Amino acid sequence: MTFYEDNKELYDSIPAEKFQLVQNNEDIHDAAFRTKPIGFFKDVWLRFIRNKASVIGGIIILIIMVFAAIGPSMNSYTYTEQHTDLANMPPKVPWIAKLNLGIMDGHYTLTKRQYDNIKDTSKYPEGCILKLKNPRIINGVKIVDVVVDYYKYKGLDDSQCYWLGSDYLGRDIWTRLWKGTRISLFIALFSVLCNVIIGVIYGSICGYYGGAVDMVLQRIMEIINAFPRIVVLTLFIMVAGTGMFSLIMAMVIKGWIPIARMIRSQFYRFKGHEYVLASRTMGTNDQKLIFRHILPNSIGPVITQAMMAVPTTIFSESFLAYIGLGLQAPNSSIGVMLSTGQKVLMQYPTQVLYPAIIISLLMICFNLFGDGLRDAFDPTQRGVS
Amino acid sequence: MVRYILQRILAMILTLLIILTVAFMVVRLMPGSVFDLDPELSDTAIKAMNAKYHFDQPMIKQYGYFMADVLFHNDWGTSIAMRPNVAVWDILKDRIPVTLKLNLISLFAALPFGLFFGIVAAINKNTLVDHLVSLMVVLFISIPSFIYAAGLQYFVGYKWKWLPLIYDPAAHGWAQFRSMILPMLALSFDPIARVARYLRAELIENINSDYMLLAKAKGLTFRQSIMRHALRNSMVPMMNIIIPMFAEVLSGSLVIESIFAVAGMGGLMVDSINSSDHMLTVAILMFYSLISLITILIVDISYGIVDPRVRMGVKG
Amino acid sequence: MKKIKRILAVLVTGALVAGMLTGCSSKSSGVDESLTFSEESSEASKAESSSEASEVSAASESSAAAESSAPAAEADKPTPEGSGTLNEVSANTIGSLNPQTYINSYASTQIRRLSPILYDYFVNDTGDGIVLQGEVAEEDPIDVNGDGKTWQIKLRQGLTWENGDPINADTVMYTWKEVLDPTLANSRGGNFAKDVIEIAGAEDYYEGKSDWDSVGLKKIDDYTVEIDTVAKQDAQEVMTHLSHPANCLVNEEYYEKGMNADRTETLYGTSADYWISGGPFKIESWQNDEEIHMVKNPNYVFADKIWLAGIDIRVVEDTSTQMQMFENGEVDYIAVPADSMAQYEEDPRLMTSYSNCVRHIVINSADPDQPILGNENFRLALFYGTDRKTLADMNYGIPADYIVPSNHIIDLATNTAFRDTEEGKANTDPVNYSYDPDKAKELFNKALEETGVDSVDLTMIYNDTAAYKAMSEFVQNSWQQLFGEDKFKLELQAMPSSQRGDQVRSWPTNPSAYELSWAGWSSTSLMPWNAFKYWTSFYTAKNEPYINDEFDATFNEACYGDNRFDDGVRLKDVDKMEDMLIQHAIIIPVNEIMDHYLKSDRVELTQDGWMNEVGWGWNFCKIKE
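Chains as they are written, first to last, in this note's numbering: chain G, 1 to 385; chain D, 386 to 701; chain A, 702 to 1326.
Hint data in this document are derived by calculation from the structure and do not stem from the laboratory.
Please read these numbers as outputs of a predicted model, since none were measured by experiment.
Not one of these hints is a red herring.
Straight-line C-alpha distance at most 25 Å; calculated SDA-like pairs for lysine to any residue:
(1) G:K152 to A:E1046
(2) G:K112 to D:K544
(3) D:K486 to D:M671
(4) A:K1090 to G:A87
(5) A:K1323 to A:P999
From just these sequences and the hints, can you work out the full model?
Structural data, given as structure tokens:
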């Protein structure tokens, strides 16, 4: 303005004819978008793939799932096939063994062997002894720890090997690990699905109707929630018996509560919004209001919470296995393998190592994946993990 | 406010009564009688003992006896399998202190570390320090605690002989504390990781907010602004996770207790369920439920104090 | 990108941990001949300073061997306080020291250590055999009337509890009155009333049907008591009955101190406040479920046989923690679980003993839903289809196609085990342990034909322990392979032990309570005939619906028959009962459980190895300092 004020005389001196219209033959309107319109899920997807950690988490989950699907059929063993004479074999993968890394080479330290038996070829076949360690005398007997090539020690030729070793019945751990991962994932995903369905319905009813209904339903929820999770799991399995179905049910008893809570608060947030009021004024029925208008707001948080619940469920299953109430034998699951492995942690550490790696990877990846999903669904929450 | 608290406490007592009923029913409906532990027990003995403990009467009568004893005489019955004839309360009295001691100390020991790591990671966001903390958090959360516990015991206790292998209930003072270090360590990994992770997120959100810009503008150093403003604001939601953590740590210490030979509540729970010691099981259930209800109550009340909307907004 | 690095870091760490845990060092070629052996000390403190230990080369003769075999010069008699403390560890808790209500066998061991008893088994003076002799009782019971139904027991004079109160006939009478008391309803009362001997009127009193005066238990004078039995007994049987740990004596003062107002229960033996000792040891301190410290009781009648100054027991549930404590020298001996045995197979400290128990598969042969279980050929097919050798190897046990355990003595005079007799040998197959797959298949097909079914679908319930899980998985797999998965299917269901036991034993009220399960009875090793009570029709906690009059009659003859003391009668009866159960495959014996122990060099046993009824004799061991 000041510019005009300062040079008022100069501007006023320009004759009006000198001004020309830029255009006057068309209506003026906004230029069309150069890009295509982006839908909600596409938007989420775009945001999600920008988060590298979550993508990698997702990829690792996918890889684990693929292995869970095809792993058991990658070698000739089945998950129930027993070779009791080949129990507790150490891991051996021929090409890794050739690298001399000290892992997966089929070597094993036999502790506290009598030195006088070392040369007995009926006990130690030709060439199986690699090294003698810790020579000592116990009760007057010469004792050594013998590092052996366990496969030669058992009289096997080079062709046969257990990639991740074998368990107490000589079953292939590789096969059982992936079979177990499959079952654990199935239990986790299925129970989480049940939780979501129950939680969404329950939470919607609480949140939408409010008042006395909410009050009663809230108390019920509070009561269920007051029982510690571990107690509920244990008692339920004791009453219902072990098995996949009762395991899933046990996870569901308390599992739906966080989702119901979250849905309820979402309802409280959105049911007062103008668009809901408007829709209600226009005579939309309750069902439609719940499922068309309010619930879709919660899809993001529900998916996120469900993803976070998966690893927790796998942990719960391993707890039950630890106290002996896991899956029915001879089925395997990550929990069953962890708990049997823990009992022989000192003798055969690898038996607990591999399931521990899988459960840890699943924990990490589902957490990363869930973080990414939450950020993608709700950009305002970015960075909160 | 007082009215709100009273309301909440009343609701809690009602909830407890219902839980008591549910617990009794569930435990009694479980298959398994107590007296099959010893196959040599004669039929006569089983009959005599069933009559003594009212097991031969219909469930509803048993329930009547039970509720009357609990409510009017504060009598939780006697144990019949774990420690025959001993009042349930006397057994809990032996077990609760050690569990509380172990869990409280490890939780309180974990908090400063968790807060420290959270703050350090938030201040140094996206630097090497942050990533190291994140790595630690991920490892602590994602590896089952019995692996740590067994590892700690094997290396620190057995191989290097730095600390005692197991908890020593008879020792006093420093000697006993030394024997508690390993189980406490194993128990505190999870809280450390969760506090650090949550605080980091909260702090980062706060650091980026407008009032921090104001604090900077009015001349506070970064350190001052973090300590006086951001941290204080982050602590409110932190309470929401720290208090319930107590209930969780308490019920999750079962495996640790078994490995370090701590005679605590976790082992008692599994043993009493396994040996069908009904009265004891009910009392243990009530103990855990009470702890979890109290933590919920504390969280609710503290929120009510901090944020009046919670008080008003409960009604739909 | 940083987060990718983070994940990579996790993976690398994982791989490193993997490397660490597999613990394989770089390859070394061949056997190193120049090894230096040094004496390993079990003391944790000394383990550091290995240079002090004597060094001997592998080639030269070990001087340490000579050293350990030479007995240390010690005094011949223990001092009143004893010397050295035995450190024990246990996965079980005591629960209660009240002999009349105790729950597990671990508790009974401790009760026996702390309480006086009328009779018990001891190692003889030469240390190579056992004798059943009086502890509180001065001598064997006297058959007053010569009809074997009235027995007088003379007590030693001058025996006291740890506080100096006398142990006399009143103590014994009080103990007997309380164990049978109908309002207390002590769980051990039924066994006292009737087991090896039946005490006149005792059962009626216990059930509240009669009063105390009608019970055949009397005080004659301050140091004499009398027992009236229903049937004719011999002194050995009376002593055996009274030597059960449930019949340890209780102290009236403390028993009454713990009694509640309506006399329905007592706190006796539940804590140190309600306990007084009168056995070989006394309690110094006791923290329930955690630890117990015992010291030698100088007032004990055989105090001159107790070398130890005390015993410390720590409750540790986790077996790998127990192992580490043993290797650290904190514990003097431990039981080795089967899954750790691979590490200790050749350990010179390893000791093996019988556990007095044949583990077998129980069959609900009267299950209306599974008529095939009632088919004898089917059960025999399972019997011949069980690979006992492999199952035994898995558990470091002994394959057993028989029922009477190897250590059960049929003839005390000659110390002959039943399994060593001609009759005992005839019932077993020492080569394949009755594993005959072809015969099993043949019998299986015959059974299918007879019952007219195409396939069998069964469920086996088992205790949720590692050993039972492994065995169940093995029989499941091997039976399915043997009979064909299309024809035979076995489901497995784990349960906590008390729940499983209850379900199995509920068949009288619920005929299809179970189909297959596991069991293992243990009983006194000196009366193999008595062990067959579990299959008689009058046993109340029976596992399987087996009712056979001939079996009952044989059992009664061996236990109560007038001719039972005649030469060879009991041998014949035991043989017949075992044969009846096996020939009809009422149960499927699988293996005999063996117990394995590791003992520290510090402890020296005063007897020649493990013996029936007295075990390793830890109470009588010496500690070498």
